[in-house]
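What follows is the residue order along each chain.
Protein chains: 4
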Amino acid sequence: MKINRYVDISTIDRDAKKDYIDRHSPFIHCAKSAKKGEKLKVTVKLGDEYPHPDDFDHYIAWVQLWNGESNLAQATFVAGALGNQAGHVEVDFYIVPTRNLKLTAMAFCTKHGLWQSDEVVVEVTE
Amino acid sequence: MKINRYVDISTIDRDAKKDYIDRHSPFIHCAKSAKKGEKLKVTVKLGDEYPHPDDFDHYIAWVQLWNGESNLAQATFVAGALGNQAGHVEVDFYIVPTRNLKLTAMAFCTKHGLWQSDEVVVEVTE
Amino acid sequence: MKINRYVDISTIDRDAKKDYIDRHSPFIHCAKSAKKGEKLKVTVKLGDEYPHPDDFDHYIAWVQLWNGESNLAQATFVAGALGNQAGHVEVDFYIVPTRNLKLTAMAFCTKHGLWQSDEVVVEVTE
Amino acid sequence: MKINRYVDISTIDRDAKKDYIDRHSPFIHCAKSAKKGEKLKVTVKLGDEYPHPDDFDHYIAWVQLWNGESNLAQATFVAGALGNQAGHVEVDFYIVPTRNLKLTAMAFCTKHGLWQSDEVVVEVTE
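Residue numbers (the working numbering), protein chains in the order written: chain Y, 2 to 127; chain H, 2 to 127; chain L, 2 to 127; chain P, 2 to 127.
Simulated from the structure, these hints should not be mistaken for lab results. What you are looking at is a predicted structure, and each value in this text was computed from that prediction instead of being measured. Note that beta-carbon positions come from the ideal geometry of N, C-alpha and C, so glycine has one too. Any given hint could turn out to be false.
Derived DSS-like pairs (lysine-lysine); straight-line CA-CA distance at most 25 Å [said to hold, decoys possible]:
1) L/103 with H/3
2) H/40 with Y/42
3) P/40 with L/42
4) Y/3 with Y/46
5) Y/36 with Y/46
Simulated DEER-style distance windows between Cβ atoms [claimed, not checked]:
6) Y/44 with L/112: 26 to 36 Å
7) L/12 with P/52: 38 to 48 Å
8) H/13 with Y/39: 27 to 37 Å
9) Y/44 with H/33: 22 to 32 Å
10) Y/70 with H/87: 20 to 30 Å
11) Y/33 with H/37: 30 to 40 Å
12) H/6 with Y/39: 27 to 37 Å
13) H/36 with Y/126: 36 to 46 Å
14) H/33 with Y/40: 21 to 31 Å
15) P/18 with H/33: 51 to 61 Å
16) H/59 with Y/40: 16 to 26 Å
Chain Y with its partners taken away, still in its complex shape (with noise of 0.2 Å):
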């Protein structure tokens, strides 16, 4: 079992390449900042540029949100969620931090396995 990582595309320079890595990595967006004690809204979207199949052998079957070591929530998907096009598979969710947060996603490609995001850090005021 390994785990693939985001590569900032623009340092690659086969087109099939940069498809492939950036459809199947999700990306967190966020707020940069945080009240603690208040919900935030943590989107994990899948491919910042470049769709995903949708297809029955060839899906993103779940993502996880994780903050640092802890998961905190997990997302599963059928086939077809996605109406079998290409797309970008996406969730929010909102989660309500007490101490500042290093959040990363993971994503399971049907295919091409295990996929991390990179890190992004949640600086969490009173």
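Following the hints, complete the assembly by docking chains H, L and P onto the known chain Y.
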């Protein structure tokens, strides 16, 4: 195993019962019409008025989104994702409809079992 | 969203309907009595006589084990875990009871929805 | 997010560290050879010698079974499934192999993060 169903709490006398029903019920919030093949945001949120505890031995462990008899997605949470304070578990799923939707949500409380939302119909047009 | 229930297939005339009901129904296999505080093996198996497809667009995606209103465990599968041939999805959960159990299992088929097993009572003694 | 890996505890001096590593590590127990197209039982069990707590704020929330980069199955538990006493989380998955397997298991502790088993190779013959 039984499934608890939402009952309009304005029809209920006792405050404790209003609270109990409302905070355990998942509610679906989404547009009532959508375009075929375009992304639709579907929010599942627990409780319309009353918040639910987020204690280690009493929390909302998962929610599911169903279209008719098809389970589109499930989100699973750890206790503490809401900061161990009472709140409204919430998640936004994004789906791409190809025909009319009949959405329901299920939510599981680790102390008070399984709860089903009212059905929400979404008309999907070309 | 509706839940399909097992019906004793010996009471059913049509072979196709026997097959349909049997292969979608989860069955609980376990000892009828157990010791408090000792591990109990609980098998959830789909179909008593008829196997279910394991196709990418038609498979058993998950099973759940319930004790009364409490969801003890869930097992989620990918299509292909049974080698893409018809078979009986099966999982053994191990639980440690502290009082009498009323077990039910749920199973979700990606084409034919949610199915609930008959209840199995386990007497738990000191 | 980091992944903790099993280390042979006979090489470790401190008892507390032996305990810590062993009780968090998933172990795969299964036959070393299998027939193509026939059901294979794969047990994932936490801890070889030391039991893990099953407390509401400290338990094994899920285990996953992987074949190479493919996530075959996941089992998710509630706190209390082991009677709120220390024990070994255990689940038997049944899979049908079509070619040689390289199995690994992952386990998530709500306090001490993600742990990966050693790889187990299963030779699959016609």
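Pairwise beta carbon distance, residue 6 of chain H to residue 39 of chain Y, judged against the given window 27 to 37 Å: 32 Å Cβ-Cβ, so the 27 to 37 Å window holds.
Given the range 20 to 30 Å, decide if the beta-carbon distance of residue 70 of chain Y to residue 87 of chain H lies inside it. Given a distance of about 26 Å, which is inside 20 to 30 Å, the answer is holds.
Is the straight-line distance between the alpha-carbon of residue 36 of chain Y and that of residue 46 of chain Y 25 Å or less? Within the cut-off at roughly 23 Å; holds.
Just to be sure I understand the hint, the distance between the Cβ atoms of residue 33 of chain H and residue 40 of chain Y should be within 21 to 31 Å; is that true here? For residue 40 of chain Y against residue 33 of chain H, whose Cβ atoms are near 25 Å apart, the range 21 to 31 Å holds.
Quick check on a hinted range of 22 to 32 Å for residue 44 of chain Y and residue 33 of chain H, using CB atoms only. For residue 44 of chain Y and residue 33 of chain H the Cβ distance comes to about 24 Å; the hint holds.
What's the verdict on residue 40 of chain H and residue 42 of chain Y, does the C-alpha distance respect the 25 Å limit or exceed it? holds, 19 Å
Outcome for the supplied range 36 to 46 Å, where the beta carbon pair is residue 36 of chain H and residue 126 of chain Y: holds, 41 Å
Falls inside 26 to 36 Å, the C-beta gap from residue 44 of chain Y to residue 112 of chain L? holds, 31 Å
Can you let me know if the beta-carbon spacing of residue 13 of chain H and residue 39 of chain Y is within 27 to 37 Å? With Cβ atoms ~30 Å apart, the hint holds.
Return holds or violated for the Cβ distance of residue 12 of chain L and residue 52 of chain P against the range 38 to 48 Å. holds, 46 Å
Does residue 103 of chain L pair with residue 3 of chain H here, judged by a C-alpha cut-off of 25 Å? Given pair residue 103 of chain L, residue 3 of chain H holds - Cα atoms ~12 Å apart, limit 25 Å.
Pair hint residue 3 of chain Y and residue 46 of chain Y, alpha-carbon separation not exceeding 25 Å: It holds: about 21 Å lies between the C-alpha atoms, which stays within 25 Å.
Comparing the model with each numbered hint stated earlier shows that all of them hold.
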